[in-house]
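Using the hints provided, position chain B with the ligands relative to the given structure of chain A.
If you read the protein sequences in the order shown, they are chains A and B. Numbered as in this note's numbering, the first sequence ends at 159 without a single skipped number. Numbered as in this note's numbering, the second sequence ends at 447 without a single skipped number.
I should point out that these hints are in silico values taken from the structure, not numbers from a laboratory. Ideal Cβ placement from N, Cα and C applies to all residues, glycine included. Be careful, since some hints might not be right.
[Claimed, not checked] Pair by pair, the computed Cβ-Cβ distance ranges are:
id, chain 1, residue 1, chain 2, residue 2, range
1, B, ILE310, A, ARG19, 43 to 53 Å
2, A, HIS158, B, VAL385, 46 to 56 Å
3, A, HIS158, B, HIS404, 47 to 57 Å
[As the list claims (entries may be wrong)] Covered stretches of chain A, as calculated for chain B (at least 3 residues, CB under 8 Å):
id, region
4, 22–32
5, 38–47
6, 60–70
7, 131–138
[Claimed, not checked] Calculated from the model, a selection of chain B residues having no Cβ within reach of chain A, i.e. all distances over 12 Å:
id, residue
8, VAL178
9, LEU242
10, SER296
11, VAL303
12, GLU318
13, GLU381
14, GLU395
15, ALA413
Given next are the chains, with one letter for each unit.
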Amino acid sequence: MTAPPTITLTVNGRTLECRRVPDDERLLDTLRWRLGLKGTKEGCRTGDCGACTVLVDGESVLSCLALTHTVEGSSLVTVEGIAAEPLGKAVVAAFQAEGAVQCGYCTPGFVVALTGLLKERGPKASREEILAALSGNLCRCTGYSPIIRATERLLEKHR
Amino acid sequence: MPFSLSTPKDPAEAFRLLVAGRPGETALLAGGTALLRDLDEGQNHATHLISLRKLPWNRHAWKGEALEIGSTEPLRTLENDPLVRARLPGLHQAIEAVGSVALRHRATLGGNLGRASPASDLIPVLLALEALVNLRSPRGQRVVDIEQFIISSRQTAREPDELIESVSIPRALPSAYVWQRVRPSNDISQVGVAVALGPPPGRWRVALGGVSPRPVRLPEAEEALVSRRPSEAEVELAAQAAARHAPFVTDRRATEGYRRRLVTTLVRRAVRSTAEHRARRAGPKGGR
Ligand SMILES: Cc1cc2nc3c(=O)[nH]c(=O)nc-3n(C[C@H](O)[C@H](O)[C@H](O)COP(=O)(O)OP(=O)(O)OC[C@H]3O[C@@H](n4cnc5c(N)ncnc54)[C@H](O)[C@@H]3O)c2cc1C
Ligand code: FES
Ligand code: FES
Chain A
1 MTAPPTITLT
11 VNGRTLECRR
21 VPDDERLLDT
31 LRWRLGLKGT
41 KEGCRTGDCG
51 ACTVLVDGES
61 VLSCLALTHT
71 VEGSSLVTVE
81 GIAAEPLGKA
91 VVAAFQAEGA
101 VQCGYCTPGF
111 VVALTGLLKE
121 RGPKASREEI
131 LAALSGNLCR
141 CTGYSPIIRA
151 TERLLEKHR
Chain B
160 MPFSLSTPKD
170 PAEAFRLLVA
180 GRPGETALLA
190 GGTALLRDLD
200 EGQNHATHLI
210 SLRKLPWNRH
220 AWKGEALEIG
230 STEPLRTLEN
240 DPLVRARLPG
250 LHQAIEAVGS
260 VALRHRATLG
270 GNLGRASPAS
280 DLIPVLLALE
290 ALVNLRSPRG
300 QRVVDIEQFI
310 ISSRQTAREP
320 DELIESVSIP
330 RALPSAYVWQ
340 RVRPSNDISQ
350 VGVAVALGPP
360 PGRWRVALGG
370 VSPRPVRLPE
380 AEEALVSRRP
390 SEAEVELAAQ
400 AAARHAPFVT
410 DRRATEGYRR
420 RLVTTLVRRA
430 VRSTAEHRAR
440 RAGPKGGR
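Pulled out of the complex, with its shape left as it was, chain A reads as follows:
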């Protein structure tokens, strides 16, 4: 086995060196336990719930199913850094305005996934496509209605 090396990651705009990262470390654990960024949640660890979603080079990724070594050199955005971009800031504001948060456990995943989608598709994307794409994220509290309203509010603003 090769000695676990140092890897470079840019997280929320800061370039960091992570030392002695074991080969089998998941990105989710690097963020939460190594870097202390506990906004990213672990809901299932099996790819089913979307609570662990982060942006890797602008694209949404399930951090529970990604080895940290496979994102080496990438630029990551977690929920802690999402409001630094105008689109992320608008998503957060829409969630607040519509009361789309109850316990909040799913919220970081939704906010990051929705920001990623709007970046990928442009704010003129169809309501149907965006809502279908959000079905990769689970919420146990809100019944989804306020999350859907927050999404619609965002899309309307850009019509």
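Then chain B with the ligands, alone, in the frame of chain A:
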């Protein structure tokens, strides 16, 4: 179980690593969306992973109407190519069915085929489109028909020293993939039906997923469809043939009986959607 990871920079290095380990000890890592879960759940006992992410296979290319898909191309990149949607609607619909957007940013076609799940959403459409699997090893290149490549549940014709390099889809065809499952994202289809039309004109191909032990073509349903714009009666015969002949079983996702009822609806939808796609592409003078 802890594991180690290597990231070869070219295929030659990947082959060296692949043959260096004992069988079962080594596994290939593409997007990791299936493998990491299998390792967690004890379905795979590899202690050394070989990451394919630096190999030059994360691309896809059109040669006329033929599409070659590199094995490590993320599914989301294919989905975002407007030509895939326009020329191979069945493939596009099948890709959209896999997991979620965040999953598809990493999941690959090579990984889907490497795992060969009987519930795969991509294998049925590749069967209907008569795709070819391009395998590479230090011994050279080998092309295997998708029909022969998939042997059984989680069993493929890949030799231990081979990698899936790419998948070729010989031609753009009117096609469709429709599925049923409990949850739209991140769930496994109870039944998936893929349909493709031509060549020659009027020849239909029907393939099913959610069957046991592997996705299959269904000649009985194909033979019931004899025209490019099949009549209600033809579609009904095909739907009933699928219900009668498909190798469905009962598992935790659905009973055999439910699957037999479900498949009739899905076959009707898939055939209609394909015929409509053909009519749109052919234009007003499309003929019968
Ligand atoms: C929550 C969740 C939902 C899912 N939903 C679906 C779904 O709806 N439909 C569906 O079909 N699948 C689904 N899957 C399964 C999986 O995500 C897909 O099969 C995906 O395409 C696998 O690709 P990957 O690149 O992540 O494979 P990996 O996990 O990297 O690899 C899978 C297997 O293939 C082998 N392999 C990978 N690349 C190659 C290669 N180039 N040559 C030879 N062997 C190779 C690996 O060794 C491994 O055994 C789901 C998985 C999860 C976790
Ligand atoms: S924790 Fe990653 S998808 Fe649930
Ligand atoms: S607010 Fe509690 S899980 Fe969504």
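Hint check:
| no. | hint | verdict |
| --- | --- | --- |
| 1 | ILE310(B) / ARG19(A): 43 to 53 Å | holds, 45 Å |
| 2 | HIS158(A) / VAL385(B): 46 to 56 Å | holds, 49 Å |
| 3 | HIS158(A) / HIS404(B): 47 to 57 Å | holds, 50 Å |
| 4 | 22–32 | holds (count 4) |
| 5 | 38–47 | holds (count 3) |
| 6 | 60–70 | holds (count 8) |
| 7 | 131–138 | holds (count 5) |
| 8 | VAL178 | holds, 18 Å |
| 9 | LEU242 | holds, 18 Å |
| 10 | SER296 | holds, 24 Å |
| 11 | VAL303 | holds, 28 Å |
| 12 | GLU318 | holds, 26 Å |
| 13 | GLU381 | holds, 31 Å |
| 14 | GLU395 | holds, 30 Å |
| 15 | ALA413 | holds, 19 Å |
Violated hints: none; the structure is consistent with every hint.
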